[in-house]
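**Q** Spelled out from the first residue to the last, the chains are:
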Amino acid sequence: GQQVMQIPQYQHVQEGEDFTTYCNSSTTLSNIQWYKQRPGGHPVFLIQLVKSGEVKKQKRLTFQFGEAKKNSSLHITATQTTDVGTYFCAEPKGNDKIIFGKGTRLHILP
Amino acid sequence: DGGITQSPKYLFRKEGQNVTLSCEQNLNHDAMYWYRQDPGQGLRLIYYSQIVNDFQKGDIAEGYSVSREKKESFPLTVTSAQKNPTAFYLCASWGRTITGELFFGEGSRLTVL
Chain P
530 GQQVMQIPQY QHVQEGEDFT TYCNSSTTLS NIQWYKQRPG GHPVFLIQLV KSGEVKKQKR
590 LTFQFGEAKK NSSLHITATQ TTDVGTYFCA EPKGNDKIIF GKGTRLHILP
Chain X
226 DGGITQSPKY LFRKEGQNVT LSCEQNLNHD AMYWYRQDPG QGLRLIYYSQ IVNDFQKGDI
286 AEGYSVSREK KESFPLTVTS AQKNPTAFYL CASWGRTITG ELFFGEGSRL TVL
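So the protein sequences, as listed, match chains P and X.
Position 34 of the first sequence, counting from 1, maps to 563 under the numbering used here, and the rest follow consecutively.
Position 113 of the second sequence, counting from 1, maps to 338 under the numbering used here, and the rest follow consecutively.
Rather than coming from a laboratory, the hints here were simulated on the basis of the structure.
Just so you know, even glycine gets a beta-carbon here, dropped at the ideal spot from N, CA and C.
Among the clues, some could well be false.
[Said to hold, decoys possible] Straight-line Cα separation of at most 35 Å, DSBU-like style, residue types lysine-lysine; simulated pairs:
(1) Lys631/P - Lys308/X
(2) Lys565/P - Lys234/X
(3) Lys626/P - Lys308/X
(4) Lys626/P - Lys282/X
(5) Lys598/P - Lys282/X
(6) Lys295/X - Lys282/X
(7) Lys295/X - Lys622/P
(8) Lys599/P - Lys282/X
(9) Lys282/X - Lys296/X
(10) Lys239/X - Lys565/P
(11) Lys296/X - Lys622/P
(12) Lys308/X - Lys565/P
(13) Lys234/X - Lys631/P
(14) Lys282/X - Lys631/P
(15) Lys586/P - Lys598/P
[To be verified] Here are the simulated distance ranges between beta carbons:
(16) Thr336/X - Lys599/P: 35 to 43 Å
(17) Phe313/X - Thr557/P: 30 to 38 Å
(18) Val573/P - Ala286/X: 22 to 30 Å
(19) Asp279/X - Gly545/P: 46 to 54 Å
(20) Gln543/P - Lys239/X: 42 to 50 Å
(21) Ser305/X - Glu544/P: 40 to 48 Å
(22) Thr591/P - Glu331/X: 22 to 30 Å
(23) Gln543/P - Lys282/X: 41 to 49 Å
Given the sequences, and given the hints that come with them, work out the whole structure.
**A** See below:
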């Protein structure tokens with residue numbers, strides 16, 4: 530079953546506010562991926578984190594991988610309406626399969 | 226253009242009928258996957274295949290069947306044994322590139338009446 534726990538399940542923010550979603554695991558992760566799914570769409574890959582303590586940025590998005598490789602976060606600065614959607618973390622299991630968290634659904638209030 | 230094609234996009238069926246969802250990819254990926262998505266449940270793995278003529282059960286395989294006769298194709302059959310088949314079904318492929326990303330099709334929304 531799923532081993533990556535994602536919180537919160539839902540988040541409403543005012544446009545321009547920041548947003549963060551967290552992904553936690555009871556076991557050490559080899560690496561972690563993040564995906565975004567727009568309403569009515571399909572998941573699209575955002576990034577993969579591999580190294581302990583890794584921080585990567587994509588414009589207003591900042592991704593972090595914990596020092597113990599048991600947690601990860603996605604932070605969006607100054608949200609825009611285009612950020613609406615569901616954000617998933619996902620754990621690749623070896624070279625075999627990828628298991629997804631339940632996702633955080635982000636709503637932006639204008 | 227390389228990608229994954231799922232069909233049909235929307236499907237309505239009566240209870241007790243088997244349904245087959247198509248998934249074709251031209252990305253030359255070895256691995257293919259089927260996920261089911263329900264509101265608030267995220268993506269749950271149904272079946273996956275690493276190579277032709279081989280596939281493995283995921284976390285929720287009961288009531289589903291698959292085949293992998295060609296590298297490009299990985300159809301999913303939702304059988305009458307599936308207790309609650311109404312859902313959004315997503316097919317994906319994995320090229321095991323450096324970025325390790327899954328590529329998804331646009332999904333098939335199945336409604337059982």
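**Q** Taking the hints in turn, state whether each one holds.
**A** Evaluation of the provided hints:
Taking the CA atoms of lysine 631/P and lysine 308/X, the gap is about 21 Å. The hint holds against a cut of 35 Å. Simply put, lysine 565/P and lysine 234/X have alpha-carbon atoms about 20 Å apart, close enough for the 35 Å limit, and the pair holds. Proposed proximity of lysine 626/P and lysine 308/X is supported: the alpha carbons are some 25 Å apart, at most 35 Å. For the hint linking lysine 626/P to lysine 282/X, the alpha-carbon distance of about 11 Å falls within 35 Å, and the restraint holds.
A hinted pair counts as satisfied when its Cα atoms are at most 35 Å apart, and lysine 598/P with lysine 282/X qualifies at roughly 27 Å. Our distance criterion of 35 Å between C-alpha atoms is met by lysine 295/X and lysine 282/X, whose separation comes to about 18 Å. As the CA atoms of lysine 295/X and lysine 622/P are separated by approximately 24 Å, the hinted pair is consistent with the 35 Å bound. For the proposed pair lysine 599/P and lysine 282/X, the alpha carbon gap of about 26 Å is at most 35 Å, so the pair holds.
Between lysine 282/X and lysine 296/X the alpha-carbon distance is near 18 Å, which keeps this suggested pair within the 35 Å criterion. In summary, the hint linking lysine 239/X to lysine 565/P is supported, as the alpha carbons are separated by about 33 Å, within the 35 Å threshold. Restraint check: the Cα-Cα separation between lysine 296/X and lysine 622/P comes to about 22 Å, which is no more than 35 Å; the hinted pair holds. Among the hinted pairs, lysine 308/X with lysine 565/P is consistent with the structure: their alpha-carbon atoms are about 29 Å apart, no more than 35 Å.
For the proposed pair lysine 234/X and lysine 631/P, the alpha carbon gap of about 23 Å is at most 35 Å, so the pair holds. Taking the CA atoms of lysine 282/X and lysine 631/P, the gap is near 20 Å; set against the 35 Å cutoff, the hint holds. Our distance criterion of 35 Å between C-alpha atoms is met by lysine 586/P and lysine 598/P, whose separation comes to about 18 Å. The hint said 35 to 43 Å for the Cβ distance between threonine 336/X and lysine 599/P, and at roughly 39 Å that hint holds.
Look at phenylalanine 313/X against threonine 557/P: about 32 Å separates their beta carbons, and that is inside 30 to 38 Å. Between valine 573/P and alanine 286/X the beta carbons are some 26 Å apart, a value that agrees with the proposed interval 22 to 30 Å. Take aspartate 279/X and glycine 545/P: their Cβ atoms lie about 50 Å apart, and the range 46 to 54 Å holds. In this structure the supplied range 42 to 50 Å holds for glutamine 543/P paired with lysine 239/X, their Cβ-Cβ distance being about 45 Å.
In this structure the hint that serine 305/X and glutamate 544/P lie 40 to 48 Å apart at CB holds, the actual value being about 47 Å. Between threonine 591/P and glutamate 331/X the beta carbons are some 29 Å apart, a value that agrees with the proposed interval 22 to 30 Å. Distance hint check: the CB atoms of glutamine 543/P and lysine 282/X are about 44 Å apart, consistent with the given range 41 to 49 Å.
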